[in-house]
Amino acid sequence: MDITILQLVINGLLLGGMYGLISIGLTLIFGVLEIVNFAHGEFLMLSMYAAFWLFQLYGIDPYLSMLIIIPVFFLLGIAVQRITIQPILNAPPLNQIFMTVGLSMVLQNAALFIWTADYRTMKTSYSALTLKTAGLIISFPRLVAFLLAMALIAALLIFLKKTYTGKAIRALAQERKAAMLMGINVYRTYQIAFGIGIACVGAAGAMLIPVYFVFPSVGSLFVLIAFVVVILGGYNSLVGSLAGGLIIGVVESFSGFFVSPHLKEAIYFVIFILILLFKPTGLFGRA
Amino acid sequence: MLKLNGVSAHYEDVQALREVSFTIQEGEIVSIIGSNGAGKSTTLNTVSGVLRASSGTIEFLGRRMENCYPHEIVDRGVVQIPEGRLLFPYMSVLENLELGAFNGKARIAKGKNIQTVFSLFPILQERRSQLAGTLSGGEQQMVAIARGLMAMPKLLMLDEPSLGLAPLMVRQVFETVKAINAQGITVLLVEQNVFHALSMSARGYVLENGSVVLEGGGKDLLNNPQVREAYLGI
Amino acid sequence: MKFISANFSETLFQPKIYFPLILILLMAVLPLIPQNPFYEDIIVSSFFYGAMALAWNLVGGFAGQISLGHTAFFGIGAYTSTLLYLHYALSPWLGMLAGVALSVLVAIGIGIPCFRLKSHFFALATIAIGEVLRFLAAYWRGLTQGGVGLLIPFKPGIENFMFKSKIPYAYIALVLMLVMLLICYWIRNSRFGFHLISLREDQDAAESLGVKTSRAKLMALIISVVFTSISGTFYAQYILFIDPFTVFSLGISIELALFAIIGGLGTVAGPILGAFMLTPLDVFLRAWLGGVSAGLNFIVYGLVLMVAVKYFPLGISGWVRTWYGPFLQKLPGGRRALKTEAAAVPSAVTAKSLEAAQAQQKASFFEVRSLSKRFGGLVAVRDVSFQVPKGKIIGLIGPNGAGKTTIFNLVTGFISPDSGEVLFQGQTITALNPPHQICLKRIGRTFQVVKPFRGMTVLENTMVGAFARLQNAQEARRLALEILDFIGLSKDHGLPTSSLTIADRKRLELGRALATRPDLLLLDEVVAGLNPRETEEIIGMIKKISDQGITILMIAHVMKAVMALSHRVVVLHHGDKIAEGTPLEISRDKRVIEAYLGEEYLA
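Chains as they are written, first to last, in the numbering used here: chain A, 1 to 287; chain B, 1001 to 1234; chain C, 2001 to 2603.
Hint data in this document are derived by calculation from the structure and do not stem from the laboratory.
Worth double-checking, as some hints may not be accurate.
Stated by the list, open to error - Computed list of lysine to aspartate or glutamate pairs in EDC-like fashion (alpha-carbon distance at most 20 Å, straight line):
hint: 1; chain 1: A; residue 1: Lys162; chain 2: B; residue 2: Glu1059
hint: 2; chain 1: B; residue 1: Lys1154; chain 2: B; residue 2: Glu1126
hint: 3; chain 1: A; residue 1: Lys161; chain 2: B; residue 2: Glu1059
hint: 4; chain 1: B; residue 1: Lys1112; chain 2: B; residue 2: Asp1075
hint: 5; chain 1: A; residue 1: Lys177; chain 2: B; residue 2: Glu1175
hint: 6; chain 1: A; residue 1: Lys177; chain 2: B; residue 2: Glu1215
hint: 7; chain 1: C; residue 1: Lys2310; chain 2: A; residue 2: Glu34
hint: 8; chain 1: C; residue 1: Lys2390; chain 2: C; residue 2: Glu2594
hint: 9; chain 1: B; residue 1: Lys1219; chain 2: C; residue 2: Glu2421
hint: 10; chain 1: B; residue 1: Lys1154; chain 2: B; residue 2: Asp1220
hint: 11; chain 1: C; residue 1: Lys2392; chain 2: C; residue 2: Asp2418
hint: 12; chain 1: C; residue 1: Lys2118; chain 2: A; residue 2: Asp2
hint: 13; chain 1: C; residue 1: Lys2491; chain 2: C; residue 2: Asp2519
hint: 14; chain 1: A; residue 1: Lys177; chain 2: B; residue 2: Asp1220
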């Protein structure tokens, strides 16, 4: 029995690391720009397709195509921010919500139009590879994904803590007017923060495609999980997103095993609503 | 050094500044006083570029500034210490100071400036790893001023630095401002504490409902019965 | 509630009335025209979405609560009536009522906790609710047949809510839409509507005027879900097939919001415009582009949404409004003089209010005892006590940051004290919250930074205050006009608040609070930012208010006003009360001079 529990925990953590990476971008965007990016899942979907096509057409391994995807998505994020988000930064919340909701509709349906609703997945040489140790079975691609996700999250946290631009991003999130008065170029910092958020989710997509399949509305599925993670971890805490991701991953793993695998989604929505109502700052968030 | 001419500004549909004009000469300390809502903070925010002037010109060292972004204005050497201090609460004192030196030449001279600032405010060196949000009011004000100095300002603008401080701290803050001015930095002071502000200023302006209603030498204004009436009703 | 005046035919012949009636008649005739199921379907869909968009607009537009989970109630309506019909042969008409009941229960269950959330989070929570229901419907196969969906066998007959032709459906949808429209129109001009709009614009100000914001939001939600649920049943009976992914679809929630936004958020008829424009567009897009287009229509929707949100936040209604008024005037009957506003009030009403105030013989005094409050490490208010005798004006002064506004917020229920009590007319009111309860105890307040309700005129703003004591819109209007006359804003009553000067806005703030007929009025820096002439005027007005018997506690920074008005003055500094006395005593008090001008001044 113990081994099963441990297996479930490990599976959950591996999955959770991915959730953490997806969510951390969302938290960064919300913390700095104070908008909820309802289109976040669509960027995940786009990067999954990108990794898929890079593999399909050019044989580039998804973990390698990350090297292309991350910078491209960073620039994509900046472009999207300038065109759609920048103009409505001071608009009422309604307008902000619907701008990103509209963007999500456009992206999702453009994908539907271009690539049809077919589920796509890829088979690499290591897709089915597993490591067996101490009675546990660990999926190799998931392990690699987990390690890469942790590495990226660590890199992001170090970036934010140590570099000037990183500190400027944190400062902007804490106290906007003072940041402006300190000579921080607020508009550029917003763009960079958004770009980083999208780059994170882009990396996550490349890691996800070897173990999952992509279809136009896959983003909706993951973004809802990401929202749960962000709220659970604390909507203004990056570390919280990581912790929240791991927790949700483990919860999903356990509920998939002990309860119906289908109902697991309903379970995290219930968690979501409960947190929003009773502890809106989440585990690590600040008021 | 700084010249405002006919500057008007709106804040949320209301005209907060009505054709305000004033000048500041290099090396001076100038005060702007007035009641709540008179437009003092709006004036500073317009100079800093946080608010856009709807008309009029702002000139600094001969160059026009009214259409610049806030970070460009800091680059030119005009730095504001905002009302309420507005430190980055979850960052350490040292990080706050470092962030003050964001722009080009300030960043290069950062190390040296931090030493200078620590010698001016020894207690900050002691508290440099403490989270800024946990400091006392007086200490926070010192960090705020120090942070502003890190940007190597030519003109330092302070918005109600004595706000919410105990009398002892208030005196210390003003001593510091005088010391900063003695080092060659021009100072524009927006203040509530009329006595301190006017007695150390070369000149002062009284704002009322967005317009300049009185101007004169610091000491003259202090003895001007109209000013005393406005503040004390006597 | 009368909205048709006594002189019926005179009213009827005004373009304002007969033109919309003509439009309605046209709509009634419309279903009979095409003789073609394809076009008939478009008409049915347009009416039906119009009704739903109107229902959504009540919550999203009037009350400003962006719900992206309305599909939950659509689905509940659809599934409840369908399951009851299939399993118990219950007529869908009755099943519809069962669906409504269930939807209302769910709405109350989720509405109460969710309304506490701020806009982005509220939207997220509502999305989650819609999704939870979708999962339940998809995976509770025993109940709902899961993803396979439910098929309703076609047995036409009115008792089964099924018809061979589309025309009866069109009329049912039309009736639904018109009833919803009427309800929205009625609400807009009623006390409830004023409450909704005021809480949308500024919840704090609304509370201070006695608006029970939580209850109002809930009422709006309940009415909205009733019609959304009915629409769900209608849909089930029209299409005769439902499945979780169609009726619990986030897409529906978004579409409803889209129609309301495009048409004009918060307007009465705007959502109908939005639905009428976009529904046919959607159907045509889908028909013309066939299977190739999967998703193309939604791309268009998404782009339309993004563009509308950025460039046309007022929707089509904003544009229509620019020419609708003049257009109506050009129609026959339009040149007749529009009803003039009720003139200044007969003095009987003013005298009545004066008597009522003076009849308040029991001790109307107000006391603060040992009030303390700290925010984190900062002590904002420390052990402050003072009394305000009935009928007097007490000034609360002190340098910036002394704690004056904190005291106001403590007393009016916006924040709660760490210790101490507040007593009013012998009752303890310390724990009272939310703030609307304070208003109901007859304490009114103004805010330091004025909070006019932007979507409303000066008169409407004042009416929100009047509604604190009155139920009837006409009476509220009369009281509001009386108050506006008293404060000197009568001629501006029809103007939007954005065109007022700061002095006038302060007066409006004052008038709005006065309209709630307080016994105690708390004025927060009502004199700040005014020039000498305006200051004189407002001082005069405050004296007039005091003469009417209203007790006043005022925070003021401008000493001239304090000296001129106050019977007694309480001085705060750094959260402590440092002095209390008559204005003259205070102006000579060493500690006060020290606090304002600095110790050195005395040296």
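Enumerated hints in conflict with the structure, sorted upward
Going through the list in order, the structure violates hints 1, 2, 3, 5, 6, 8, 9, 10, 11, 12, 13 and 14 and respects the others.
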